[in-house]
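S.K.: Residues per chain, in single letters:
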Amino acid sequence: MLRVHEVTTAYQGLVAISSVSIDVEKGEIVCVAGANGAGKSTLLKSIAGAERPRSGTVTFDGKRLDGMAQHHITATGIAYVPENRRLFPRLSVRDNLRLGSYLYRGEANREGPLDLVFNLFPRLSERLEQRAETLSGGEQQMLAIGRALMTRPRLLMLDEPSQGIMPKLVDEIFQAVKRIRDAGMTVLIVEQRMAECLEIADRAYILQTGRVLMQGPSAEIKGNPDVRKAYLGL
Amino acid sequence: MTTETIIQSLASGLLMGLLYGLIAVGLALIFGLMDVVNFAHGEFLMIAMYATFFLFAFFAIDPLLSAPLVAAALFVFGALIYLLIVRFAMRAKANAGMVQIFATFGLAIVMRGLAQLLFTPDYRSVTHSWLGGKTVSIAGIFLPEPQLVGALVSIAAFAGLYFFINRTDFGRALEATREDPGAVALVGIDKNRVFALGWGLGAALVGLSGAIMAVFFYIYPDVGASFALIAYVTVALGGFGSVFGAFAGGIVVGLVEATTALVLPPSLKSVGIYAVYLLVVFIRPRGLFGSM
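Protein chains in written order, with the numbering used here: chain A, 1 to 234; chain C, 1 to 292.
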């Protein structure tokens with residue numbers, strides 16, 4: 001479904017990811033793990049169009065994405081939830097969600113995915129009139145995912161969804177990711193918390209200093225002695 | 001000074017104030033949306049007044065009828081100014097703020113120069129329009145019709161703007177872009193389109209006020225300058241970038257101006273506005289209704 005082929009992206013001359021290739025098949029949950037600064041966020045940005053790759057190609061269902069404007073990439077069916085969530089802080093929860101369905105304005109059923117969003121995160125439905133900035137970290141993450149789901153993505157990309165969230169909610173978010181996949185979407189998730197991420201993922205890639213260090217089915221990666229020692233602390 | 005004179009002055013001041021609000025709102029809208037001050041705002045007003053004048057002089061279209069046309073023309077003009085000039089000014093790698101200031105300031109000088117070249121510095125006026133020179137008397141207070149209609153147009157425009165911002169998808173996109181222009185692409189919104197629309201809308205609103213101003217004010221290449229100055233004060237008073245603050249700020253400016261005219265000689269009528277402005281800037285620098 002998604003093919004990232006030998007993508008290199010640099011910021012002001014500094015190479016953040018170098019010749020990275022990953023594939024995501026339809027219906028999978030794929031985890032990209034790695035330490036801080038390994039290039040995980042840059043990888044997602046390069047796919048979402050927030051950063052322009054210096055070389056390499058990104059294709060989504062056969063369509064070239066690299067070089068496309070970010071808002072067009074969203075319209076092709078890729079929803080991207082960045083690390084800092086980028087909600088519209090002074091707008092209400094309702095307006096944030098409604099903006100998520102902006103591409104479907106004029107359609108009678110524009111807010112169709114709302115049922116799924118409230119099903120996954122019931123607390124959002126209790127806070128509709130609240131400003132997004134007044135939500136807790138976990139609730140903001142839920143809203144960011146909810147807003148992304150409103151764009152009706154085929155591929156959902158999450159950057160560190162567990163960041164800045166109390167542990168109880170982290171589990172809730174990871175469970176939600178599984179249910180999002182069950183609802184027919186594909187998920188590409190970037191995480192520092194490798195153990196939790198491998199728990200829900202079908203396959204994983206490990207990035208180190210901008211390169212793919214290892215890849216394979218989650219179980220295999222989990223069982224790899226080097227990974228256990230270096231990343232899982234076992 | 002009789003009570004009647006005072007009421008008369010305040011009523012005229014209120015009408016003028018509502019017009020000041022309408023003149024200023026485009027400036028506030030654009031500034032709030034993208035932190036760019038349009039230093040050519042007065043020149044937008046000037047070309048709107050000329051457009052109204054020429055439609056009247058050549059095609060005998062009364063300003064009341066040409067107002068929507070002028071607003072539509074200014075919408076296109078404003079959107080083009082964004083797409084052709086401001087968009088590129090915003091990409092400046094260094095000193096972006098300065099580049100934006102000089103881009104719109106330069107635009108103002110070019111527009112003024114072109115107006116002098118093409119339209120000559122002569123003072124023009126729209127004579128014998130439907131409203132020009134007429135007054136109505138309400139409970140013994142005489143109100144000039146152009147200002148009265150202008151005030152009503154202003155109220156209607158603000159009501160329309162309120163509806164547009166709060167009830168439509170594009171209004172919500174405008175608010176979202178104002179909050180975080182870098183995030184709107186996440187929901188499939190093209191921020192450049194929103195910016196262009198913001199410039200179009202801001203210019204259309206000043207176009208509307210220009211059509212009304214043309215009825216009772218002389219039209220000349222520098223006409224925008226004095227009104228632009230009042231518009232900047234209005235925007236600052238209302239709270240930088242707050243669209244509805246501009247409405248309130250305009251009313252304050254109009255009333256203060258009228259009150260000053262009651263106690264000081266007419267040539268000093270602007271003193272009051274700037275005194276209030278300084279006071280607000282010292283005591284409440286975010287403006288009367290600003291939230292930041």
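Calculated from the structure, these hints are not laboratory results.
Using N, Cα and C, we set each Cβ at its ideal position, and we do this for glycine too.
Heads up, a few of these hints could be off.
Only part of the chain A face toward chain C is listed, based on derived beta-carbon distances under 8 Å [as the list claims (entries may be wrong)]:
| no. | residue |
| --- | --- |
| 1 | Gly67 |
| 2 | Gln70 |
| 3 | Arg90 |
| 4 | Leu99 |
| 5 | Ala108 |
| 6 | Arg154 |
Examples of chain C residues toward chain A, derived with CB under 7 Å [said to hold, decoys possible]:
| no. | residue |
| --- | --- |
| 7 | Asp62 |
| 8 | Gly171 |
| 9 | Pro181 |
| 10 | Ala185 |
| 11 | Ile189 |
| 12 | Pro285 |
| 13 | Arg286 |
Lysine to any residue pairs mimicking SDA-like chemistry, simulated, CA-CA at most 25 Å apart [unchecked claim]:
| no. | chain 1 | residue 1 | chain 2 | residue 2 |
| --- | --- | --- | --- | --- |
| 14 | C | Lys93 | A | Glu51 |
| 15 | C | Lys269 | A | Pro167 |
| 16 | C | Lys93 | A | Ser125 |
| 17 | C | Lys93 | A | Lys168 |
| 18 | C | Lys93 | A | Arg54 |
| 19 | C | Lys93 | A | Ala50 |
| 20 | A | Lys168 | A | Ile200 |
| 21 | C | Lys93 | A | Arg86 |
| 22 | C | Lys93 | A | Gly77 |
| 23 | C | Lys93 | A | Ser55 |
| 24 | A | Lys178 | A | Gly77 |
| 25 | C | Lys93 | A | Asp66 |
| 26 | C | Lys93 | A | Ile200 |
| 27 | C | Lys93 | A | Lys178 |
| 28 | C | Lys93 | C | Asp180 |
| 29 | C | Lys93 | A | Ala10 |
S.K.: Run every hint past the structure and note whether it holds.
M.R.: Hints and how they fare:
1. At a threshold of 8 Å, the smallest CB-CB gap from glycine 67/A to chain C is about 15 Å, leaving the interface hint violated.
2. Interface hint at glutamine 70/A: satisfied, since its Cβ lies 4 Å from the closest Cβ of chain C, which is below the 8 Å cut-off.
3. At its closest, the beta carbon of arginine 90/A sits 6 Å from a beta carbon of chain C; the interface hint therefore holds under the 8 Å criterion.
4. Taking 8 Å as the C-beta contact cut-off toward chain C, the hint placing leucine 99/A at the interface holds, the least distance being around 5 Å.
5. At about 14 Å, the closest approach between the beta carbon of alanine 108/A and any beta carbon in chain C exceeds 8 Å, and the interface hint on this residue is violated.
6. Restraint check, arginine 154/A versus chain C: the minimum CB separation of about 14 Å is more than 8 Å; hint violated.
7. Proximity of aspartate 62/C to chain A is violated relative to the hint, the smallest CB-CB distance being about 37 Å (cut-off 7 Å).
8. At about 10 Å, the closest approach between the beta carbon of glycine 171/C and any beta carbon in chain A exceeds 7 Å, and the interface hint on this residue is violated.
9. Hint status for proline 181/C: violated, given a least beta-carbon distance of 11 Å to chain A, over 7 Å.
10. Using the Cβ-Cβ criterion of 7 Å, the hint placing alanine 185/C at the interface with chain A is satisfied: the shortest such distance is roughly 4 Å.
11. Annotation: isoleucine 189/C was flagged as interfacial toward chain A, and the flag holds, the nearest CB pair being 6 Å apart, inside 7 Å.
12. Contact between proline 285/C and chain A, as hinted, is not supported at the beta carbon level, the nearest pair being about 20 Å apart and thus beyond 7 Å.
13. The closest approach between the C-beta of arginine 286/C and any C-beta of chain A is roughly 15 Å, which is over the 7 Å cut-off, so the hint fails.
14. A distance of roughly 17 Å separates the Cα atoms of lysine 93/C and glutamate 51/A; the hinted pair therefore holds under the 25 Å criterion.
15. Between lysine 269/C and proline 167/A, the direct Cα distance comes to roughly 64 Å. Violation of the 25 Å bound is thereby established for this hinted pair.
16. The hinted pair formed by lysine 93/C and serine 125/A fails the criterion: a straight-line CA distance of about 43 Å is larger than 25 Å.
17. Distance check on the hinted pair: lysine 93/C and lysine 168/A sit about 44 Å apart at the alpha-carbon level, beyond 25 Å; violated.
18. Restraint check: the Cα-Cα separation between lysine 93/C and arginine 54/A comes to about 19 Å, which is no more than 25 Å; the hinted pair holds.
19. For the hint linking lysine 93/C to alanine 50/A, the alpha-carbon distance of about 18 Å falls within 25 Å, and the restraint holds.
20. Only pairs whose Cα atoms come within 25 Å are accepted, and lysine 168/A paired with isoleucine 200/A is accepted, the gap being roughly 16 Å.
21. Under the criterion of a C-alpha separation no larger than 25 Å, the hint pairing lysine 93/C with arginine 86/A is consistent with the structure, at around 24 Å.
22. At most 25 Å may separate the alpha-carbon atoms for a hinted pair to count; lysine 93/C and glycine 77/A exceed this at roughly 32 Å.
23. With a C-alpha separation of about 23 Å, the suggested pairing of lysine 93/C with serine 55/A holds against the 25 Å cut-off.
24. For the proposed pair lysine 178/A and glycine 77/A, the alpha carbon gap of about 19 Å is at most 25 Å, so the pair holds.
25. Taking the CA atoms of lysine 93/C and aspartate 66/A, the gap is near 23 Å; set against the 25 Å cutoff, the hint holds.
26. Proposed proximity of lysine 93/C and isoleucine 200/A is contradicted: the alpha carbons are some 43 Å apart, above 25 Å.
27. At most 25 Å may separate the alpha-carbon atoms for a hinted pair to count; lysine 93/C and lysine 178/A exceed this at roughly 43 Å.
28. Distance hint between lysine 93/C and aspartate 180/C is fulfilled; the C-alpha atoms sit about 20 Å from each other, no more than 25 Å.
29. For the suggested pair lysine 93/C and alanine 10/A, the alpha carbons sit about 17 Å apart, so the restraint of at most 25 Å is met.
The structure does not agree with the numbered hints 1, 5, 6, 7, 8, 9, 12, 13, 15, 16, 17, 22, 26 and 27 stated previously, though it agrees with the rest.
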